[in-house]
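So the sequences go chain by chain: Y and V.
284 is the number that my numbering gives to position 284 of the first sequence; each next residue is one higher, with no gaps.
Convert by adding 1000 to the 1-based position in the second sequence; the result is the number in my numbering.
Treat the hints as calculated values from the structure; they're not laboratory data.
Hints may contain errors.
To be verified - Partial list, derived from the structure: chain V residues whose beta carbon lies under 10 angstroms from chain Y:
hint, residue
1, Glu-1128
2, Arg-1313
3, Asp-1510
Claimed, not checked - Residues from chain Y that keep clear of chain V, each with C-beta distances beyond 10 angstroms, as calculated:
hint, residue
4, His-231
5, Thr-297
6, Thr-308
7, Leu-319
8, Gly-326
9, Pro-329
10, Cys-335
As the list claims (entries may be wrong) - Chain V regions said to be covered by chain Y (calculated; three or more residues, Cβ under 8 angstroms):
hint, region
11, 1194–1202
12, 1271–1285
13, 1471–1484
A virtual CB, placed ideally from N, CA and C, is assigned to each residue, including glycine.
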Amino acid sequence: MKAALGNARTEAERHAGALWDAVRAGDEHTAHQVVARAARLLGAEGALLDVVGAVQRRVGREWAANRLSVPEEHAATAINDRVIASVVPRERRSADRGRVTVACVDGEWHALPARLLAEVLTLRGFGVDYLGAQVPAPHLVAHLHRTGPDAAALSGSIATRLPAAHATITACQAAGVPVIVGGAAFGPDGRYARLLGADGWAPDARAAADVLSEPLARPRPGRQAVDDLPHLADHEHARVSRSSPQLVSAVYAGLEERLPVLRELPDLQRRHTAEDLAHIVGFLATALYLDDGELFTGFVAWTAEILTARGVPAGWLRLGLELLRGEMPDLPRSCRIVGEAIWHLDRRPSADM
Amino acid sequence: MAQRERVTSAPVLAGSRWDVVPVPVVVVDDGLVRAVNPAARSVLPAAQPDGAPATVAPEWLRSAQERAAGSPDRPAEAAGGWLGQRSFVAHPVREGGSVTWFLVEDTDARRANAALEAERRRASVLAEVSSVLQASLNPQRCRETAAELAARHLADAALVIAPSPRRRLPMTVCVRGGAPRSLHVEVDPEELPGLPEALRGFPPVPSRWVDPAAVPSWAVPEAFGELGSLVVTPLPGHGVPAGALVLLRGAGHGVFSDEEDAFARIFAARAGAAMSAARLLAEQSQITDTLMRDLLPSAPRRIAGVEFAGGFRAAEDTEHIGGDFYDVHPGAGPHGDESLAVLGDVCGKGLSAAVLTGKIRNTVHALLPMADDHERMLRVLNGALNTLSPKRFATLVLASARRTAGGVRLRLTCAGHLPPLVLRLDGRVEECRSRGTLVGALPEIEAVTDTVLLAPGETCVLFTDGIVECRGGPMGGEQFGEDRLRQALAGCTGMPAEAVVERVQMLASDWVGRGLHDDMAVLVVAAPREPVT
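Input sequences plus hints: build the corresponding full structure.
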C-alpha cells in the first residue's frame, strides 16, 4: 500500500514535470497527451490536482520569483486550462451531494484554482455552478438567490482583493449561503479567512472538497461587515484607498525631485515605477483593512527582491516609503505600518545601501 | 408565657390593632407564628397564633423566614411568591428575635410582567423570523427556512406546501430539531381539508383544524409518532397565494392556545410575504435569463482550423449585457467555407443598447450568405438600421476567416470602428488598413476591405473603444490608450487566443480599478501554432 502510494507520488511528479515542459514550450498537443496518460494512471482527481494543479502552483512560484513574465504566465495557464477538458469525463453525473457555486472574487483573474475545485467537486458528485474569474458581487448574489446552493466557494490569490472578498463573503452570508474560501490571498494558515468571517477555509482543492462533504451551517442573519473589523472606525483604509492616485503622484514627484536620474529613464521604466508605487499603496490599504502590518512588510520585502532583480537600486524603495509616510502625517496607523516596513527593509540581509 | 406575650407585642402593635392594617401581617418569633391579622387569615387560612409556620406557609415564605432569623446581622430580605391564586411580596420588619411580615399583593403586576415577557419573546422570535426569512430570495430556500422556524417555535413538525400548476407539489418537511427536507409529492390536495383553499388563496379561510383521523398519511412525517392535532394555515403573499403552512403536534402535547394561534397567523403572514417575493423574483429572473441568453456575446473556441476567443465586461457590475457585442458564425459566404466574426458597439449602454445589438446580430446572421462581400453586407445592414425610429447607429468590424495551407486568411472591414490590431510572430503590432463609415447614421456608407494573412501563432485583435478609452492608471485620470494596448499585445506573441483576451481584459480592468468605465469587448482571431486533435 505504502509502496503504491509512493509510486503514485513519483508518477504524479514525473507527469507534472512533463506537463511543465510542454506548457513552457507552448506545446498543447503534448500537454493533452501527458494529462490523458496521468488520468489513466492516477485517476481524474489525481491528474487534476497532482499534475495540472502542481504545474499551476509552479507557474505561480516562478512568476513570484520573477522567472516567468506575466504574458508567459497567461499562456501557461491557458494551456493548463485547455487540458483540463481532456481529463474530466463528459457524461453527466448524478449530483446528489449538494450544490455548490464556485467563483473567483471580484478583480481576481487567476481562475484555474477555482476551476480545478469545480471539476473535483463535480467528480465527487456535487452539483457545481462554476462562474469563473472576477465575478462582481452583484452577479454572484443574484446567482445565489436564483439557484439556492448549499455553499459558495470563493477563490482569491491576490491579497489586495481581500477587501472586495470581504464584501462578497458578507453578501453571500446575507443571502443565507455559507461561504468557504481558499487561495493564497487568505494566508497560508487561512488567517484572513477567519478574520473576514468566512464559514470555512481550505488550503487546497482536495481539502475544500473534504470540508464540503459535511454541510456547512447556514449563517445567522444580521451580521455586518464592520462587525469583523472594528479598527476600520479610524477611516484610514478608506482615505488611503480613495486617495491612491494622489499619493502615487506625490511620491513619484518627490522621487523625481530627489533622484533626477529618474527623469532620464525610458518611458516604460517610469511607467513601471508608477505601477510599483500603486501596488505599494494598494498593499498599504489592504494592510490597513486587515490591521496587519506584516502583510505590508512582506510585500515590501518581496518588492525589494524583484527590484534588485530588475537592477533598480534598493535605496529607491526606501526613499519611496519615506516619501509615502511623509504624505500621510495625520494617519497614525498608516505611518506605523510603513515605519515597520522601513525598519525591516533596513535589516534585510542583502540590503546593499 | 406572660413574658413572651410582652416581648412579642411590645415592638409592633398590640392585640386587635393588627386588625386595622389593610395588608396581611404575620408575626413570627422563635420559630412560631405569634400573630396573624384577619387579612392574613384570608390568604393563609390555616395560620393560628403559636402554630408552626411549616404547617401554614408555603416554601418560599418559610425559607425567607429562615434566612431572616438565621442571620440577624444582615438586613432581612423581602421575598415573593404565590399564596393560592394570588401573588405577594413579603416585606420583613425585624425587631429583636421576631420578624413581622407585611404581605403586599402584586398579582396584577406579576401577570402583566409575565404577559410582557411572553410578548417580548414573541416579538424577538418574529424579528428573527423576518430577518432569516428575508435573507434568501430563493423559493426552495425560503420554504425550508419557514418550515424550520415553524418546527422550532410553533409545533412539533411543520410542512410548507407551495402552489404549483403541475400535479407534483413542492413540499418541505421539518420535524423539530431536524433539518428541513424538500421534495415534490404527487398527491391530491383535496385529501387534506383546508389545503386546496390555502393553495388557491381563495376563498379566504382562517386556520383550519383537522381531525387527526382525517389526515392523509403523506401529511405526517415519517417516525413522527401519534398525531395529536394538526392545523392548516394559508400563507398570504403579496397579492398571490404563497402556499400553506401545516403545523402538527404529537399526541399529549396539548392543542394550540388562542395566543399561539394568533402568533401562528402573524408568522404565516411574514413567511408568506417572503415566499411570494422569492417566487415572483424567481419567475422574473427566469424570464430575464431566457431573454438575455440571446443577447450575451458568444464565440466558439475553434472552427475549421481557426481559433477564436472573446471577452466582455458590461459598464455596470450589475449588468451582464450592454451595447458592445460580438459573434462568430461558422459557414459564412456563398460556399459556407468561411467563418465570420463580428464585433461592434451601438450607441448607448445597458438593456436598451443590448436590445439594439440583438437586432443587428440577427440581421448579420440573416446576411451570412453574402459574407463574401463585406461592403454589400454593410449596405444592407445600413438600410435596415436606417428604418429604425428613433435613429440608432453602430460601429462594427467584420472579419471573415479561412484556414489556408500557410495559416489563416482574414478579410477585415471596419465600419466606423477602431481598426483591429494584428500581432505578428516577431512581436510587431500592425494596424489593419480597412476604413469605413458607421452604419445606421447616413443613407449611404463607404467601406474598404483589407486582407491580412496570419501565419501560425499570429493573432488579430478586435476591440471596442471601452478598452482604449478607459481612464485610470496609477496616478488616476489617464487614458489607457492605443499605445499601451499595442505595447501589451507586443508581449503576447504566440499566446493562445483566450490568453490574449484575458491579458487585454485584465490590463484594462486593472487600469480603471474601481473607477467608471464603458462596456469593454475583445475578440481574438488566431491561427493555431499546430494542429491539435
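For each hint, the structure was consulted:
no., hint, result
1, Glu-1128, "holds (8 angstroms)"
2, Arg-1313, "holds (9 angstroms)"
3, Asp-1510, "holds (8 angstroms)"
4, His-231, "holds (21 angstroms)"
5, Thr-297, "holds (22 angstroms)"
6, Thr-308, "holds (21 angstroms)"
7, Leu-319, "holds (17 angstroms)"
8, Gly-326, "holds (18 angstroms)"
9, Pro-329, "holds (21 angstroms)"
10, Cys-335, "holds (22 angstroms)"
11, 1194–1202, "violated (count 0)"
12, 1271–1285, "holds (count 4)"
13, 1471–1484, "holds (count 5)"
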